[in-house]
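Student: Next come the chains, spelled out residue by residue.
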Amino acid sequence: MVAGQDRLLTQMRRGTLEYCVLALLREEERYGFDLVKALGAADGMVTSEGTIYPLLSRLRRDGLVTTTWEESPSGPPRRYYRLTPKGHKSLGEFVQEWQRFRDAVDRFVEGGKT
Amino acid sequence: MNGTRHREVGEYLRRLQRSMADLPAERRDEILAEIEEHIAEDLAERPGATESDVRNVLERLGDPADIAAEARERFGIKPTRRSWTDPAAIILLLIGGFTIIGWFVGVVLLWISDAWTTRDKIIGTLVVPGGLAGALGVALSVGFMANTVSCQVPGPGMDPVGSCVSNPSTSGNAVGAILAALVLIAPIVTAIYLSRRLRQARLASFEEGQAQ
Chain A
58 MVAGQDRLLT QMRRGTLEYC VLALLREEER YGFDLVKALG AADGMVTSEG
108 TIYPLLSRLR RDGLVTTTWE ESPSGPPRRY YRLTPKGHKS LGEFVQEWQR
158 FRDAVDRFVE GGKT
Chain B
16 MNGTRHREVG EYLRRLQRSM ADLPAERRDE ILAEIEEHIA EDLAERPGAT
66 ESDVRNVLER LGDPADIAAE ARERFGIKPT RRSWTDPAAI ILLLIGGFTI
116 IGWFVGVVLL WISDAWTTRD KIIGTLVVPG GLAGALGVAL SVGFMANTVS
166 CQVPGPGMDP VGSCVSNPST SGNAVGAILA ALVLIAPIVT AIYLSRRLRQ
216 ARLASFEEGQ AQ
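Residue numbers (this note's numbering), protein chains in the order written: chain A, 58 to 171; chain B, 16 to 227.
Note that these hints are calculated values from the structure, not bench results.
Ideal placement from N, C-alpha and C gives every residue a C-beta, glycine not left out.
Take these hints with a grain of salt, some might be off.
Which chain A residues face chain B? A few, computed with CB under 7 Å, are given here [claimed, not checked]:
(1) 89
(2) 90
(3) 106
(4) 107
(5) 110
(6) 111
(7) 112
(8) 114
(9) 115
(10) 132
(11) 153
(12) 156
Using 25 Å as the maximum straight-line C-alpha spacing, the simulated SDA-like pairs for lysine to any residue come out as follows [unchecked claim]:
(13) A/94 x B/100
(14) A/94 x B/63
(15) A/94 x A/59
(16) B/93 x B/207
Just the calculated beta-carbon pair ranges, DEER-fashion [claimed, not checked]:
(17) B/123 x A/158: 44 to 54 Å
(18) B/103 x A/120: 38 to 48 Å
(19) B/71 x A/156: 33 to 43 Å
Using the sequences provided together with the hints, build the complete structure.
Tutor: Here is the structure:
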């Protein structure tokens, strides 16, 4: 890999991770461990699982998600994350911008194919 | 909680707590609690987890330092890599003068820091040059001068001559003592002032991060 490319990919991952988390919460609420597993299942999205938690903390402070404690079928209660209206709005805006951006980049990098 | 029964988990959480020492307590506690829950969940899925299972769980979580760095970045907190130099500057300015070079090192650390304004730095440098040691030197010479004024003339068993008669000794001594005390207190006041300014600067850089 060319020098600097590694860093760029890391930055892109960091920048979009936030919206992947919001997207995972769009349909249903999830608890931390569940979120981490879902993100970890996608190749190359998360390198170390623990780094999700600072992000979740930040999203909560920014009012994009809220948490509630719920009983778990096994073991101690779990902290569930849920999207707030502000979180929905933020995600919606990102999705639009992302699609435009992705299409524009695709047009160039895929060249004549499309 | 299940996970904390393992010695390695306890160590991991302690390391994480130390790495995040510079984060606001509320955020630090939240992240710590979440990661502790994560470990408990993960281990709950592996009944009879062995040492190597535990190690595997912790490895996938990542190095505590990386998690702390991520938290700092997410909350816009400046890394504290060089921050030990700020407290060191205050201490060296105060007592480094006793080794002479120590005070100069303190001045250098003071001026390369971005935690203080130029005005703070000027105060830190000039009040008092040499810190406590410098102040002690000044205080001693003030006391010495007051002394020489009062005891200028005495030869053994001789009559005191004019300069000593009109009681300048006691008033001179009193003024000298007050001056000496002020000079001695000054570097301590400066050190307290610089510490407070440092705390304000750190708070400000944290709030800046919050506003981003």
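Student: Each hint: holds or not?
Tutor: Okay, the hints, checked on the actual structure:
no.	hint	verdict
1	89	holds (5 Å)
2	90	holds (4 Å)
3	106	holds (5 Å)
4	107	holds (4 Å)
5	110	holds (5 Å)
6	111	holds (4 Å)
7	112	holds (6 Å)
8	114	holds (5 Å)
9	115	holds (4 Å)
10	132	holds (5 Å)
11	153	violated (23 Å)
12	156	violated (25 Å)
13	A/94 x B/100	violated (41 Å)
14	A/94 x B/63	holds (21 Å)
15	A/94 x A/59	violated (30 Å)
16	B/93 x B/207	holds (23 Å)
17	B/123 x A/158: 44 to 54 Å	holds (48 Å)
18	B/103 x A/120: 38 to 48 Å	holds (39 Å)
19	B/71 x A/156: 33 to 43 Å	holds (38 Å)
Checked against the numbered hints above, the structure violates hints 11, 12, 13 and 15; every other hint is satisfied.
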